[in-house]
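When you get a sec, could you build the whole thing from the sequences and use the hints?
Number of protein chains: 2
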Amino acid sequence: MTKQYQAHIYVTLRPSVLDPAGTAVKSGLAQMGYDNVEQIRIGKYIELMLQATDEATAKEQLELICDRLLANPVIENYRFDLIDISRKEATGNRQQATGNMEK
Amino acid sequence: MTKQYQAHIYVTLRPSVLDPAGTAVKSGLAQMGYDNVEQIRIGKYIELMLQATDEATAKEQLELICDRLLANPVIENYRFDLIDISRKEATGNRQQATGNMEK
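Protein sequences, first through last, are from chains F and S. With our numbering applied, the first sequence covers 6 to 108. With our numbering applied, the second sequence covers 6 to 108.
Hints in this document: simulated from the structure, not taken from any laboratory. Just so it is clear, the structure is predicted and the values come from calculations on it, not from any experiment. Everything hinted at is true.
Below, computed lysine-lysine pairings styled on BS3-like, alpha-carbon distance capped at 25 Å:
#: 1; chain 1: F; residue 1: K49; chain 2: S; residue 2: K49
#: 2; chain 1: S; residue 1: K64; chain 2: S; residue 2: K8
#: 3; chain 1: S; residue 1: K64; chain 2: F; residue 2: K49
#: 4; chain 1: F; residue 1: K49; chain 2: S; residue 2: K31
Okay, here's the thing in structure tokens:
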């Protein structure tokens, strides 16, 4: 039986990569008077629904999807949370798993 | 004494707003053979450091920053987590607070 998973994916620039958009936001905030804000990094946040037979399969597929399409592994890191929606609906429990390429 | 907070901000399109980038990713994934992926929505994920006297002040300021600069309230929702870094450094505890404009 296939299960329904919800994935929350966070794609961030690697620490060594410059973030011009973040720098622009920082200078914008400083001009607006918020000079107590620092180290702004802007990334992507992706939500999607995925059908898979089990959590390991879903995780494996998500890693492939992130590597091939959602993130650029040369300059970006990603991590994701997987939530088993079918289980949540069935029992009211929330199952969460985290995959992180930085590990 | 000012405290140091780390904020994780999630900016997402409102459910009623179309997401052309998400649709493009979905069709790209389908072409790559991943036809079990659905409901892709692409948002922004922003990390920043903030100095404030207490958590309430930090929260209030973050809401202003999100409303004025980071999100477009007409078409986007946002939520954020606040982590007290100074407390984390001092005691090893991790204090987390969530502000959500949808509440």
